[in-house]
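Residue numbers (the working numbering), protein chains in the order written: chain A, 1 to 131; chain B, 1 to 80.
Derived by calculation from the structure, the hints in this document are not laboratory data.
Don't be surprised by glycine CBs; every beta carbon is placed ideally from N, CA and C.
Hints may be right or wrong, so weigh each one.
Stated by the list, open to error - As a list, the in silico DSS-like pairs of lysine-lysine whose alpha-carbon atoms are at most 30 Å apart:
#	chain 1	residue 1	chain 2	residue 2
1	B	Lys37	A	Lys76
2	A	Lys128	B	Lys57
3	B	Lys37	B	Lys57
4	A	Lys76	A	Lys128
5	B	Lys37	A	Lys128
6	B	Lys57	A	Lys76
Claimed, not checked - If you anchor each label on the Cβ, the simulated ranges turn out as follows:
#	chain 1	residue 1	chain 2	residue 2	range
7	B	Gln4	A	Pro107	31 to 39 Å
8	B	Gly49	A	Thr79	23 to 31 Å
9	A	Val10	B	Lys57	49 to 57 Å
10	A	Lys76	B	Glu66	18 to 26 Å
11	A	Ser11	B	Ser61	47 to 55 Å
The primary structure of each chain is shown beneath.
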Amino acid sequence: MKASEASWLVSAKLRNINWHMRAAVVEEKLHKLGRVLVKAGFEPNQPRVPAGNPDGGQWTSTGGSSNATGSTTLDKIVTLARRIASAGSLLDYQRCLDLCYPLLERPQHPASDGNMWDFHRCMNACLKLNL
Amino acid sequence: MNSQLAWEMIRVSFRASRELQDLLPQLRDQCSPEEYKDCAHGIARAIHGINTALIDKALASHPELESRIESELAEVGRID
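Here chain B stands alone, though its shape is the one from the complex (with noise of 0.2 Å):
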């Protein structure tokens, strides 16, 4: 994998993460604690799930691209 389509891999999976995480405030406003924490666990088990199966498959390719996420992060909060 080169490093172009590994940086697009992280993009991709922070905006799927993102995607998921944009849910939780529907889900705590509109469902009951339980049914809200039943659901949260799932989005977090699914943005695990992308981290582990595409960022670290990444980065384990291209370490470097970890401090390129870190500096995007620090400068403009997002990946895009």
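In isolation and in its complexed conformation, chain A is listed as follows (with noise of 0.2 Å):
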């Protein structure tokens, strides 16, 4: 064998190394994304709001609906914040603050700081600081 067939095939089998370690890595991560996925709840199958809707795209339940003081809750917002978040599509800060905010407009006494805790939780959910 000659010195430069010697060289290629070094250089082949050293290529298809890298190329197995690089696959190696793309399924740890699909297999990772795959567990955050379920762990988050992700429905594929999930309804969508049409397009041209002010939210179009986003998940929506196929009935009933939320308002800002009434039937919002916590537990509602942040699984859909996480849900989205852990999907993939990173929610810039505004829309964060759009989804999070009824939160404080919550009926509640006056004197009370569960609105304000519960928006903090949203937010950083959202924000996908605690996650």
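Two chains, two separate frames, one set of hints: put the complex together.
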């Protein structure tokens, strides 16, 4: 075997090893993403708000609706924030604010700090600070 | 930062946020919906600023204080 052929073979083997190493990294990342999605309760078949609406593209439930001061609950909003963030669609600050600020508007005892704390948790979840 | 100072930061932060939050009903009653939304977002941004600049910092130094916050909110509904 000539030196140039041997060199080419070595080079090809190194490329092959490199490819397998990179593939293993991608595979591990996909597994990790899958675990995160399962943990976040991601449901790919969940309906979305149709295009053309202000909230177009966002996940929605099949029945009922929420409003800022009534049925909006912390769990629902935080779950949505976590789900969107975990799915890889990073929400920007303004969208997180839009999502979380209704928690400050919920009826509560005048001296209560509950809404503020829930808002804090929601923003952190949305911005992935605490994930 | 010692634990006592961290708790003081948290306590004052909650108080400041509470004051800001108390504005919301007045704004809702007296402003147009557009004005209200603009001001409510401003209040939310301010509260978030306080939270990240002070509360998160205090909790980063003393994570055990988070359970104290949770228990005080569960018991009396506020941080004093």
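So, against the hints stated earlier in the document, which numbers end up violated here? As far as the earlier hints go, not one is violated by this structure.
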